[in-house]
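**Q** Chain order of the listed sequences is Z and W.
Note that numbering that gives the first Met the number 0 has the first sequence beginning at 0, numbered continuously upward.
Note that numbering that gives the first Met the number 0 has the second sequence beginning at 0, numbered continuously upward.
Source of the hints: derived by calculation from the structure; they are not laboratory data.
Where is the CB? At the ideal position from N, CA and C, for every residue including glycine.
Check the hints yourself; a few may be wrong.
Said to hold, decoys possible - List time: in silico SDA-like cross-link candidates among lysine to any residue, alpha-carbon distance up to 25 Å:
1) W:K61 <-> Z:T219
2) Z:K182 <-> Z:L133
3) W:K61 <-> Z:L3
4) Z:K39 <-> W:Q60
5) W:K39 <-> Z:A220
6) Z:K66 <-> Z:R83
7) Z:K61 <-> W:P159
8) W:K61 <-> Z:S136
9) Z:K39 <-> W:A220
10) Z:K61 <-> W:Q60
11) Z:K39 <-> W:G251
12) W:K61 <-> Z:E70
13) Z:K61 <-> Z:L133
14) Z:K157 <-> Z:A127
15) Z:K61 <-> W:K39
16) Z:K66 <-> W:M248
17) Z:K66 <-> W:D268
18) W:K61 <-> Z:Q108
19) Z:K61 <-> W:A220
20) W:K61 <-> Z:S5
21) W:K39 <-> Z:L133
22) W:K39 <-> Z:S4
23) Z:K66 <-> W:A220
24) W:K61 <-> Z:A127
25) Z:K66 <-> W:R19
26) W:K61 <-> Z:R67
Claimed, not checked - If you want the ones that stay clear, here's a sample from chain W, every Cβ over 12 Å from chain Z, calculated:
27) N6
28) G84
29) T107
As the list claims (entries may be wrong) - If you anchor each label on the Cβ, the simulated ranges turn out as follows:
30) W:S136 <-> Z:A127: 32 to 42 Å
31) Z:G251 <-> W:Q192: 46 to 56 Å
32) W:T52 <-> Z:Q222: 27 to 37 Å
33) Z:E56 <-> W:Y94: 18 to 28 Å
34) W:E197 <-> Z:L87: 56 to 66 Å
35) W:E197 <-> Z:D92: 50 to 60 Å
36) Z:M0 <-> W:P178: 32 to 42 Å
37) W:A176 <-> Z:S5: 23 to 33 Å
38) W:K272 <-> Z:R247: 25 to 35 Å
39) Z:G251 <-> W:A131: 56 to 66 Å
40) W:K272 <-> Z:T239: 49 to 59 Å
There are 2 protein chains.
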Amino acid sequence: MELLSSNRCFDGEHRRYRHRSQVLDCEMIFAVYLPPQARKQPVPVLYWLSGLTCTDENFMQKAGAQKRAAELGMAIVCPDTSPRGVDLPGEDDSYDFGSGAGFYVNATQQPWARHYRMYDYVVSELPALVEAELPVSDQRSVSGHSMGGHGALIAALKNPGRYKSVSAFAPICHPTACPWGQKAFLGYLGDDQETWAEYDATLLIPEARERLPLLIDQGTADQFLEEQLHPESLAEACETAHHHVTLRMHSGYDHSYFFIASFIDEHLDHHAKALGLR
Amino acid sequence: MELLSSNRCFDGEHRRYRHRSQVLDCEMIFAVYLPPQARKQPVPVLYWLSGLTCTDENFMQKAGAQKRAAELGMAIVCPDTSPRGVDLPGEDDSYDFGSGAGFYVNATQQPWARHYRMYDYVVSELPALVEAELPVSDQRSVSGHSMGGHGALIAALKNPGRYKSVSAFAPICHPTACPWGQKAFLGYLGDDQETWAEYDATLLIPEARERLPLLIDQGTADQFLEEQLHPESLAEACETAHHHVTLRMHSGYDHSYFFIASFIDEHLDHHAKALGLR
Numbered sequence: 000m001e002l003l004s005s006n007r008c009f010d011g012e013h014r015r016y017r018h019r020s021q022v023l024d025c026e027m028i029f030a031v032y033l034p035p036q037a038r039k040q041p042v043p044v045l046y047w048l049s050g051l052t053c054t055d056e057n058f059m060q061k062a063g064a065q066k067r068a069a070e071l072g073m074a075i076v077c078p079d080t081s082p083r084g085v086d087l088p089g090e091d092d093s094y095d096f097g098s099g100a101g102f103y104v105n106a107t108q109q110p111w112a113r114h115y116r117m118y119d120y121v122v123s124e125l126p127a128l129v130e131a132e133l134p135v136s137d138q139r140s141v142s143g144h145s146m147g148g149h150g151a152l153i154a155a156l157k158n159p160g161r162y163k164s165v166s167a168f169a170p171i172c173h174p175t176a177c178p179w180g181q182k183a184f185l186g187y188l189g190d191d192q193e194t195w196a197e198y199d200a201t202l203l204i205p206e207a208r209e210r211l212p213l214l215i216d217q218g219t220a221d222q223f224l225e226e227q228l229h230p231e232s233l234a235e236a237c238e239t240a241h242h243h244v245t246l247r248m249h250s251g252y253d254h255s256y257f258f259i260a261s262f263i264d265e266h267l268d269h270h271a272k273a274l275g276l277r
Numbered sequence: 000m001e002l003l004s005s006n007r008c009f010d011g012e013h014r015r016y017r018h019r020s021q022v023l024d025c026e027m028i029f030a031v032y033l034p035p036q037a038r039k040q041p042v043p044v045l046y047w048l049s050g051l052t053c054t055d056e057n058f059m060q061k062a063g064a065q066k067r068a069a070e071l072g073m074a075i076v077c078p079d080t081s082p083r084g085v086d087l088p089g090e091d092d093s094y095d096f097g098s099g100a101g102f103y104v105n106a107t108q109q110p111w112a113r114h115y116r117m118y119d120y121v122v123s124e125l126p127a128l129v130e131a132e133l134p135v136s137d138q139r140s141v142s143g144h145s146m147g148g149h150g151a152l153i154a155a156l157k158n159p160g161r162y163k164s165v166s167a168f169a170p171i172c173h174p175t176a177c178p179w180g181q182k183a184f185l186g187y188l189g190d191d192q193e194t195w196a197e198y199d200a201t202l203l204i205p206e207a208r209e210r211l212p213l214l215i216d217q218g219t220a221d222q223f224l225e226e227q228l229h230p231e232s233l234a235e236a237c238e239t240a241h242h243h244v245t246l247r248m249h250s251g252y253d254h255s256y257f258f259i260a261s262f263i264d265e266h267l268d269h270h271a272k273a274l275g276l277r
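With the hints as extra help, turn the sequences into a complete structure.
**A** As structure tokens, then:
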């Protein structure tokens, strides 16, 4: 890992690293916030998965999460949202497919299958790397926004025991039933709908082997709510399966980081409790 | 004023407006955060002046100030850092002069004198506009970062009674003695050093008619500290003039918004006290 930059922040450190990803077969950049407690011993860690068009930087610069993370003694790791610099045809043609839009799946279709394996990257490779190289422990939680909320939900639902808690802001709850998800899954996974179902939180709920409660915040003024996000589908699936979900609808909030910033402390507190930090 | 966007944030509103500035003879954009208390009555207001290359967006997206502002009932207004779209020769040639670098002075030199009058804009025209059009009161404080810290200091020092309090992060304390300030003042004000002195906080301190205490935060790992910022000169001038200054040197912090975010709540509390909010 190559340290690209370091900024003191709330007596901890915001750092950016570059490393060679075996899974993605390219160089990747990620960011980590290490709270002051990490100077003494490894600390529990929240993995934050960002939304379409984002890099490792958006959450770290805009969510205002470091203050509470420093108080709690929680690290935060922010991966990028797709492989970078792999030079595939059409990779940069749209904001919702290709670069910046890896959708946290393992692609099976060409030309994407060689590099676009963000599911394995965020669930396995990156945690193993940071746990080996940085003072973070294997006590993990996961959260994210929009496409990254989808990523957080499927990462938790598909990996019993791997995370202590999960939450999401305005997640794509039912990607097989919305334009963003359908475009991405068709491109990365082909037209076999059974494969699609393996990456759809709403469809994973009935089979979930671990009943990790879901915390979801959603703004009512979110411009993507009706067409893309479908939290009601996930809530229905949870009700049917008796899977605990807390879906909070926040009047007047939109899809932006101003919404995330308004409630991120409550999510950190939720994760801190599960991680034994309070 | 034309409302460009509005985002719910901590139960208040982040808004961006466009308006025609008479002083600058161009269209300008500014941002305002209105805390929830502003729905009931006009609230005191902090004017935040940003640094080189910034627009109205940097502080609002990166400082994490809205949470405490909402708790305190304080509005925050963020102007842009220069006239925009005025199409002057050389305006975009460098990051430290012209667009994004108005330096909060009234230019006297051509071709800048017609538009580059950021001092009058931020001290007079913009407050008059927002006090007339938005639920903010004439109880004003002022703060800023780097070039904007310089702007905040001179705005307060030159206008007794206009602000209840002043603070700055990593301000350019003595612009007549540093490369950034010398380049800007020569370009905007010409070579008459007496004119320069009217916009230099360190040189204004001996003549200050109002003894508003100064709160200044400075990181020791700031890459611009030695060459550009000179807080020690301002501190010396304050000591000589018996002008109260609190200069806090923060070990390991740099010039970034990660530094500002780490201490912004303390600045808001400082201003809140002066504004009668706590």
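**Q** Is the straight-line distance between the alpha-carbon of K39 of chain W and that of L133 of chain Z 25 Å or less?
**A** Answer violated: K39 of chain W to L133 of chain Z is near 49 Å, above 25 Å.
**Q** Given the hinted pair K66 of chain Z and R19 of chain W, is their alpha-carbon gap at most 25 Å?
**A** Between K66 of chain Z and R19 of chain W the Cα gap is close to 38 Å, so the pair fails against 25 Å, i.e. violated.
**Q** Is it true that E56 of chain Z and Y94 of chain W lie within 18 to 28 Å of each other by Cβ?
**A** Given about 20 Å between the Cβ atoms, the range holds.
**Q** Does K61 of chain Z pair with A220 of chain W here, judged by a C-alpha cut-off of 25 Å?
**A** Cα-Cα ~22 Å, so holds.
**Q** With a cut-off of 25 Å on the C-alpha distance, tell me whether K157 of chain Z and A127 of chain Z pass.
**A** Holds, at about 18 Å.
**Q** Just to be sure I understand the hint, the distance between the Cβ atoms of A176 of chain W and S5 of chain Z should be within 23 to 33 Å; is that true here?
**A** holds (30 Å)
**Q** Does A220 of chain W sit within 25 Å of K66 of chain Z, going by the straight-line distance between their CA atoms?
**A** holds (20 Å)
**Q** K61 of chain W and E70 of chain Z were given as a pair; does the straight-line alpha-carbon distance stay at or below 25 Å?
**A** holds (19 Å)
**Q** Is it true that the CA of K61 of chain W sits at most 25 Å from the CA of R67 of chain Z?
**A** holds (15 Å)
**Q** Take a quick look at G84 of chain W and tell me if its Cβ sits farther than 12 Å from every Cβ on chain Z, holds or violated.
**A** holds (25 Å)
**Q** Is 49 to 59 Å a correct range for the gap between the Cβ atoms of K272 of chain W and T239 of chain Z?
**A** holds (54 Å)
**Q** At the C-beta level, are E197 of chain W and D92 of chain Z separated by a distance inside 50 to 60 Å?
**A** holds (54 Å)
Comparing the model with each numbered hint stated earlier shows that hints 2, 4, 6, 7, 8, 15, 18, 21, 22, 24, 25, 27, 30, 39 do not hold.
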